[in-house]
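Listed in order, the protein sequences are those of chains D and A.
Take any residue in the first sequence, count from 1 to its spot, add 26: that is its number in the numbering used here.
Take any residue in the second sequence, count from 1 to its spot, add 102: that is its number in the numbering used here.
There may be inaccurate statements among the hints.
Said to hold, decoys possible - Some chain A residues judged to face chain D by a derived CB distance under 7 Å, without partners named: (1) 165; (2) 253; (3) 293.
Unchecked claim - Not close to chain A: a few residues of chain D, all C-beta gaps over 10 Å, as computed: (4) 51; (5) 90; (6) 233; (7) 235; (8) 239; (9) 240.
Because the hints were derived from the structure by calculation, they are not lab data.
The beta-carbon is built from N, C-alpha and C at its ideal position, and this holds for glycine as well.
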Amino acid sequence: MISLLFEAYHYFLANQPRFWAATTQHLWISSVALAISTVIGLPIGIWAAHQARIGQWAINAFGALRLVPSLALLFLMQPYLGIGALPAMVALTLLAIPPILIATYAGIRAVDGDVREAARGMGMTTAQILWRVELPLALPSIVGGVRTAAVEVIASATLAAFIGGGGLGIFITRGYALFDTRIMLVGAIPVALLALAAELVLGWTQRRLASNLGTAT
Amino acid sequence: MRYLIDNFPYVLSLIGQHLVMSGLSLAIALVIALPIGIVCARVARLRNLVLGILGVIYTIPSLSLFVLLIPFTGLGLRPAVIALVAYAQLVLVRNVVVGLTGIDPAIVEAARGMGMTAAQRLWRVELPLALPIILAGVRVAMLSIIAIGTIAAFINAGGLGLLLFDGVRSSNPEKIIAGAVAVSALAISANGILWLIEQRVFQATRGVTGTKN
Chain D
27 MISLLFEAYH YFLANQPRFW AATTQHLWIS SVALAISTVI GLPIGIWAAH
77 QARIGQWAIN AFGALRLVPS LALLFLMQPY LGIGALPAMV ALTLLAIPPI
127 LIATYAGIRA VDGDVREAAR GMGMTTAQIL WRVELPLALP SIVGGVRTAA
177 VEVIASATLA AFIGGGGLGI FITRGYALFD TRIMLVGAIP VALLALAAEL
227 VLGWTQRRLA SNLGTAT
Chain A
103 MRYLIDNFPY VLSLIGQHLV MSGLSLAIAL VIALPIGIVC ARVARLRNLV
153 LGILGVIYTI PSLSLFVLLI PFTGLGLRPA VIALVAYAQL VLVRNVVVGL
203 TGIDPAIVEA ARGMGMTAAQ RLWRVELPLA LPIILAGVRV AMLSIIAIGT
253 IAAFINAGGL GLLLFDGVRS SNPEKIIAGA VAVSALAISA NGILWLIEQR
303 VFQATRGVTG TKN
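Extracted from the complex, chain D is given alone in its bound form (with noise of 0.2 Å):
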């Protein structure tokens, strides 16, 4: 295994201009995907949340989605996109829309319906109470959902090269067709790491929000 790894440094030592590139597209392919499902999941998981019986259903089919597996989800994209980067990244951004709407639901609906009260009660317009109130106490919440979608994202990123998408998956294929496993282990060490990169920081992140919170409530 050591001598393994070894060679695989010097693959990846040869091969640097590709292997940078790599990455990132990697790293591009999975902040574009992150970014639309923000923008989709936030309003949606604010919406549901103000909703009594609508939302918990809109959160149920959306809990649904989840359960098509996330190979089955990228592949389905080449029939109908094509291949390349745009059907991955629709295909990343539907994975990751699940995880940041249902923590937003969750993180709003547990906001305590005194601490609304008290706030409408200051004569604070609906607007107010979410930017206000409602917003920020949800926000540790909200940054579990986008760490669980980012690793989640970056993980399955690895599968984009399958469909021509890219990533550092393509080293893991171009291993897999050669015969070659030190060409596999540039492309699969380099994404393990990047998704506990993105898990430490964002979990580091979300502690820290919910401390601060602690700390002023």
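Since the structure of chain D is provided, determine the placement of chain A on it from the hints.
Using the frame of chain D, we list chain A on its own:
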């Protein structure tokens, strides 16, 4: 959809493979997670360490873990089951811990007062009361095993992922759609069946403990 109908016996055999891989992984995962969870529920200091390690494993992308296992195990069902068992640990251990630590201490105390030994309390009182939460973990674990098991076709572990990978390699939309529909149907059925069991058990334990739970 035509592919699914024309090749039904083949799809059925892949569903069988997928179920065997998933069932085997879940069974092994439970055998490992239950004792770890019970120990972590008792020893608070171990809890964060163990859950932290399992969290790191859970974060590793499945394709990466499969590739990392190849040098040790080669291709096939064995590395797939090892990876699936590893992924299931976080959810299973966490739910065993939450289930056991959430029990009203008065109930355990009463069991002790009735003269039950530690083993009796665990088997006849604590585990039955924690069962609904443990089963909720089993359901979530099974869903991720089914989903990640699809990717295991890449390392020759078989299952429904074969349809997806073959379909993409040969640009055969019918095959991709058949694979996606079949694996989603499998996940939705597993979710439904396990959810029903969970509800039944939840009702039963609620009857025993009265208000709490």
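- request: Against chain A, does residue 239 of chain D hold up as non-interface, every C-beta pair farther apart than 10 Å?
  value: The assertion about residue 239 of chain D holds, with a minimum of 21 Å to chain A.
- prompt: Is the Cβ of residue 240 of chain D farther than 10 Å from every Cβ of chain A?
  reply: holds, 18 Å
Interface hint status, residue 253 of chain A versus chain D (Cβ within 7 Å): holds, 5 Å
- request: Go through the hint on residue 165 of chain A and say holds or violated, using the shortest Cβ distance to chain D against 7 Å.
  value: Where the cut-off is 7 Å and the nearest Cβ of chain D is about 5 Å from residue 165 of chain A, the hint holds.
- request: Please confirm whether residue 90 of chain D is truly not at the interface, meaning its C-beta sits more than 10 Å away from all C-beta atoms of chain A.
  value: violated, 7 Å
- prompt: Any Cβ of chain A at or closer than 10 Å to residue 51 of chain D, or is the non-interface label fine?
  reply: Nearest chain A Cβ is 16 Å from residue 51 of chain D, so the label holds.
- request: Classify the label on residue 235 of chain D as holds or violated, using whether its beta-carbon is more than 10 Å from each beta-carbon of chain A.
  value: The claim stands: residue 235 of chain D keeps its Cβ more than 10 Å from every Cβ of chain A (closest is about 19 Å).
- prompt: Measuring from the C-beta of residue 293 of chain A to each C-beta in chain D, is the shortest one below 7 Å?
  reply: Residue 293 of chain A check passes; min Cβ-Cβ to chain D is 6 Å, inside 7 Å.
- request: Test the statement that residue 233 of chain D is away from the interface with chain A: the closest C-beta pair must be farther apart than 10 Å.
  value: holds, 13 Å
The structure fails hint 5 only (numbered hints given earlier).
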